[in-house]
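Model the full structure from these sequences, guided by the hints.
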Amino acid sequence: MTNEKYTATEQLHSFSASVKHGLKLGEQYVQLIDQLVDTEDLEKLLTAAQRLANLELDDQFVKFPHQYRSQDYYMLFVSRVLELHSDQSLQLNLSRSSWSLTGQFESIASLTNFEFVLEQSDNGGAFFTETGSNERLFYLNLERRMIRFNNRALVNLFVVQLAESVDSTALEQAVNPLIALTHFLKQDFGFSVDFGILDAANTAQYYLQKGKLSVDIIDKLFVQTEGTDYMLLNMQERVGATLVVESDVKLNLFAQNSDSQQNNNWLFSVLDSREAVSFFDVLVRYPLIRKWYLENRQELEVKSDPLIFAG
Amino acid sequence: MANVVNQDDQNDVVKVINTQITAKISYLQELQQAISQHDDRKIYALLDNQRYASAILHTEKQENDHGVINLVDNLSAQLSNYLSTSLIQYLGKTYPFFYYEEYKQGHFKVFFGNWWDRREFGELDVLNIRFAFDQDEYSKLSQAFELAKSSKRYNSEQIQSISAENDHLQDLIDNANQREAQKEQLQAQLKETNTKTGMPWESGKQKEARQTLVDQLSELEDEDELARNAVKQIKNNEAKVLALSKENTILSYEQKSIVDTFGSFADFEVANRNLYADYLHTFMSEKQVDDND
Chain R
0 MTNEKYTATE QLHSFSASVK HGLKLGEQYV QLIDQLVDTE DLEKLLTAAQ
50 RLANLELDDQ FVKFPHQYRS QDYYMLFVSR VLELHSDQSL QLNLSRSSWS
100 LTGQFESIAS LTNFEFVLEQ SDNGGAFFTE TGSNERLFYL NLERRMIRFN
150 NRALVNLFVV QLAESVDSTA LEQAVNPLIA LTHFLKQDFG FSVDFGILDA
200 ANTAQYYLQK GKLSVDIIDK LFVQTEGTDY MLLNMQERVG ATLVVESDVK
250 LNLFAQNSDS QQNNNWLFSV LDSREAVSFF DVLVRYPLIR KWYLENRQEL
300 EVKSDPLIFA G
Chain W
0 MANVVNQDDQ NDVVKVINTQ ITAKISYLQE LQQAISQHDD RKIYALLDNQ
50 RYASAILHTE KQENDHGVIN LVDNLSAQLS NYLSTSLIQY LGKTYPFFYY
100 EEYKQGHFKV FFGNWWDRRE FGELDVLNIR FAFDQDEYSK LSQAFELAKS
150 SKRYNSEQIQ SISAENDHLQ DLIDNANQRE AQKEQLQAQL KETNTKTGMP
200 WESGKQKEAR QTLVDQLSEL EDEDELARNA VKQIKNNEAK VLALSKENTI
250 LSYEQKSIVD TFGSFADFEV ANRNLYADYL HTFMSEKQVD DND
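The listed protein sequences correspond, in order, to chains R and W. Sequential numbering from 0 applies to the first sequence in numbering that gives the first Met the number 0. Sequential numbering from 0 applies to the second sequence in numbering that gives the first Met the number 0.
Treat the hints with caution; some may be incorrect.
Cut-off 27 Å, straight-line C-alpha distance, at most; resulting in silico cross-link-like pairs (DSS-like, lysine-lysine) [claimed, not checked]:
hint	chain 1	residue 1	chain 2	residue 2
1	R	K211	W	K239
2	W	K245	R	K219
3	W	K139	R	K219
4	W	K245	R	K211
5	R	K219	W	K234
6	R	K290	W	K231
7	R	K249	W	K92
8	W	K239	R	K219
9	W	K239	R	K209
10	W	K151	R	K219
11	W	K245	R	K209
12	R	K219	W	K255
The following residues of chain W were derived to be distant from chain R, with all beta-carbon distances above 12 Å [said to hold, decoys possible]:
hint	residue
13	E101
14	D124
15	Q181
Which residues of chain W face chain R? A few of them, derived with a C-beta cut under 8 Å, are [as the list claims (entries may be wrong)]:
hint	residue
16	N113
17	W114
18	W115
19	D116
20	R117
21	L241
22	S244
23	K245
24	T248
25	S251
Derived from the structure by calculation, the hints contain no laboratory data. Even for Gly, the Cβ is constructed at its ideal location relative to N, Cα and C.
Pasting the structure below:
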């Protein structure tokens, strides 16, 4: 008798311990969510997002029917980082039916919708993805503190898809919060960043995916500029060409190495005194260059971090 | 025969030698001084007195003394290099569209324009203050100006005919199915003609009809053959059109540069002819030198 009694007590204890564990997990969960939503401390914010993204909440004894998806904590994190810098341009929408979180930018809100998609490999991290086109604009990894833009996707979405129907100002407004976010991640958290073609620094080098370039492609631009206000200039000291697109904005396309003709890697650079114009801006602002770039895209495609975005 | 030297002759020879040496020395001294003072006008006068006299002083028939001028023949590269500084500076203002590259000491290539794939347009002859234009390139430009009078462009006719050929080739590719149907029809007709045995007096006509069908078939097969190579040919033609269009663009920039600076091609040619005098006159208005040379 005593044995059976003992067993029942033991079972109850074990049961209550399990429930406690589940509850504790739940308590931790809501605490982390509060932290993610309320904290003004940047490191605590990052920790909360990281832990939430990895938390296995479901327990055999305690179930939580309403949960955000792991990738949604990336979205919340991004939105909070912007908000802490008084940037409200990322609007979040929670779908009550699927408990999924998507984001929008005002200037292109009627045309696009964004969410994070988890990377399936052990590397972790997630891709900021446009849901309609499935274009993955950037990769974010909170553990490794890195962010990498995907140039091909940026061109597909903004330059091919949207530039025809939306003016360049709206496109630049849409990417501005992403650029700001990347700056904050670098400056506040020490992230390793790659802005890709969004990088407006004059030192930014946009290397071609293919490396080599046949000068025919430059000839084509030269011929297309005739009769326009642009003149394609021969670069001094380098093998390459310069297009003065505005009095203070120069687009260069040149071979990395000015002596050797072989194995030369070609790259774009954009120079302006305020360092405010990126290759992306040039593509969305100037129809002549956009047309030429898209017509010769196979040759002119700008490379992204090959470890994340192959080919 | 003994060696007899006429004393009088000897005296004359010595005199000649002395005079010549004095002339050479004074020439070299004058040149040295002109160089030390960077008196380029004087240097040019010394290097080619005849031209200087006729172009600047308007005194004809002053011949060059080759006995002194040849003294510096082996220094032409250095002199050219030395004189190029001021000349190129002057040309930078008067011919703002020309660019120079000293590919070896005293030798300058002239490039037309700073645009993409600008043309090498000849050389600058510094010692003679003249352009030695590449005749092929120059004649292209001259023709382009001529054509512009009737609103035509240098390569436009060629571009048009190649583009027309490409359109034709594209049609051949596009009409492959249609040709196939035509061929089947012709083959059927041919078969019919072969099996039909007509009256003896009809055989001539029959032969003729058969020949027509065979000819039509082989014409279609020729077109098939052309169509098979068309994709490659179209690509080649596109490359040709690009090269020709590029040349048109370059010529249009060259024409514009000349019109912007000189007003017309004729005025450009006049300026080239007067370059020597115009350049050397700039030194005279700069500082009032006396023309006693």
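Notebook entry, point to check: If you check each hint against the structure, which ones fail?
Noted result: Going through the list in order, the structure violates no hint and respects every one.
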